[in-house]
Amino acid sequence: MRHIISILIENESGALSRVAGLFSARGYNIESLTVAPTEDPSLSRMTILTSGSDEVLEQITKQLNKLVDVVKVVDLSEAAHVERELMLIKVRATGKDREEMKRMADIFRGRIIDVTESTYVIELTGASSKLDSFIAALDAGLILETVRTGVCGIGRGDRILKV
Amino acid sequence: MMISGAEIVIRCLQEEKVDCVFGYPGGSVLHIYDALFKQDQVKHILVRHEQAAVHAADAYSRSSQRVGVALVTSGPGVTNTVTGIATAYMDSIPMVVLTGQVPSFYIGQDAFQECDTVGITRPCVKHNFLVKDVKDLAVTIKKAFHIASTGRPGPVVVDIPKDITAQMCEFDYPKTIQMRSYNPVVKGHLGQIKKAVQILQEAKRPVIYTGGGVILSDAAEQLTKLAHKLNFPVTNTLMGLGGYPATDKQFIGMLGMHGTFEANNAMHYADVILAIGARFDDRVIGNPEHFGEEKRRVIHIDIDPSSISKRVKVDVPIVGNVPDVIEEIVKLMDGGFKTDPEVANWWKQIDEWRGRDSLRYKQSEHIMPQFVMEKLYEVTGGNAFITSDVGQHQMFAAQYYKFDKPRRWINSGGLGTMGVGLPYGMGVLMANPDAQVACVTGEGSIQMCIQELSTCKQYGFPIKIINLNNGMLGMVRQWQEMFYSKRYSQSYVTSLPDFVKLAEAYGHVGMKIEKPEDVEPALRKAFTEHKDDLVFMDFIIDPGANVFPMVAAGKGLTEMILAEDI
Ligand SMILES: Cc1ncc(C[n+]2csc(CCOP(=O)(O)OP(=O)(O)O)c2C)c(N)n1
Ligand SMILES: [Mg+2]
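Sequence lines, in order, name chains L and Z. Quick note: the first sequence, position 128, residue 115 per my numbering, numbers continuous. Numbers in my numbering are just positions in the second sequence, counted from 1, shifted up by 32.
Calculated directly from the structure, the hints in this document are not laboratory data. Quick caveat, the model's predicted, so the values are computed rather than measured. A portion of the hints provided could be inaccurate.
Unchecked claim - Which stretches of chain Z does chain L cover? Using the computed rule of at least three CB atoms under 8 angstroms from a CB of chain L, they are: (1) 151 to 157; (2) 208 to 222; (3) 334 to 347.
Yeah, the Cβ is synthetic: ideal placement off N, Cα and C, and Gly gets one too.
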């Protein structure tokens, strides 16, 4: 099962390696990991996309909670939440492909944020599956480069992760 | 008043009532050693290898309720400590390791004796710190002691760059510490405790299974009270020995890979397991599928939520400080608790298993290691602190020395580190200066930290080294004999030193004991005439002796090989 773990962690040097080290040492999956300071600069928020059985997920949250720098851990996917990922994708945009690329970006509500004679950089935000579909919809030969932030997410409504 | 960072380090140790540190000097800790020199409250024990400093600090903790401290220099000083830190980590031993670091403005430049201490130790510490500002030094050391000794204990490393130990700062030691990210649970959930009592009342084939958590949380007294009230059988893990008096009639011995027939069967066939401060590890329950074949209910008390339902599904998890939770259970029981009458039949079954006498062994013309352990128990009146190394001798000590008190059995259970025995003896003696200390070891293990004989001479540590010398890496040989058709690949130790001469060369007393009838007199002599000496007792034992019962790797807990099967 796919899970999104949100972590509030002290914004100390090395905090990221404690989390990453835990995952590799115990053989847990990391599909994506994002981290940045929160509105309170002494705290970072980390979002990890992982997968595993219920037992494994229980261990992951317990082990994360055991890290001294970790303030809070929730499994976002346990309840209603929204998730987003950002992708920047550089594509070849020449000849008839130039118009086609523009059209595809529009359909997926992407924005072209950089233009040269032969390339576009398209910015696309959404659920990871949407980003996957966009990539699938393009002619693979025209994709020059992609970069994705990995998933970040937040609980809906009154579900709040705060100290 | 402004004092230097080095002086702050020492003042912190004094504030923590640390009476000794185990260490080894070097460039990056010279300021700290200078500050150490100028006072006499904190004693320093100069080891001969940093690994031993950490082992000794670890045993200081294990044998007392205090936090052991080690102090080493950067680079090789640190890398030499890693085995010791990992050993303490695996057994959840509270310990603070202070490490020197190259000056902060050199960090990252591959400076002389630089290593990434925080990175290297991260996977084997409870937590670690790099101090970046002298203003943070005192509070960081306070945090280190706090983290090491609360919750599930563990080693904490504080890495201190040399320039920070030279800088001047006001000293202000915080009395208490608050950390928003670290608040271990102490009190168990009352609803869960009530559920547990209900299940204990329904139990027909119960067993109390306890581990190192009982020792670490000083819950032996509470456990004994609870067990007597319940009249349930008690088994201990290797780490839990001494948590329940081994001479008590409810004690059914150690369980696990080399556990007794009765303990392993009781554990397997129990309908209710009350697990306390133990973690169902692979050496304890054998093959988990086999263990899972029996239906049972499990109550698990532990300070660490991640130990619960990690390997065995638990029905009633109780996270909390063990002695407090036990007190709660006892309180609830006082409201009218009845042990199920069926338990009497269970005891009959257990007595039948006991009748197999699974620790029986045959004497031979050689000295049997089990016999040495029995005599050691007699001669020391069961009162000694026994440190051990890792191998067959460790198992013999665990099986045949009956520990009635906690913190008397000092060994590396989790990591299984050969070489700990001798430095463990030093740590025990610093925490318990008048104690009788025997180090049960093998000719393989003892050579892994043999240099500490020199430290023992310097500080007059009167350890009795019980070298069960089989001329073999016995535990390895046993597996090769049983599972590799006797292909003894690299398990035979040749060119052993003359241990008597070796002991004498270091200024100690050496004895070689070759005949069964000499065992007891030699031990008596060592513990009386040479009470104040370190005595290296080289017992030449039967090289073929094996440890039984044995649950082979991958086998179920009840699929034991007994001595009588061979
Ligand atoms: C540092 C380390 N290296 C290797 C091992 C693997 N090992 C476990 S027991 C053992 C043999 C120990 O031999 P000895 O100390 O003579 O004890 P004996 O089993 O003969 O009693 C070995 C090599 C270990 N536990 N620790
Ligand atoms: Mg040996």
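Okay, the hints, checked on the actual structure:
Counting residues of the stretch 151 to 157 of chain Z whose CB falls under 8 angstroms from any CB of chain L gives 3; the rule of at least 3 is met. Closer than 8 angstroms: that is the beta-carbon criterion, and the stretch 208 to 222 of chain Z has 4 residues meeting it against chain L, so the requirement of 3 holds. Only when three residues or more bring their CB closer than 8 angstroms to a CB of chain L does the claim for the stretch 334 to 347 of chain Z stand; here the count is 5, and the claim holds.
Checked against the numbered hints above, the structure breaks none of them.
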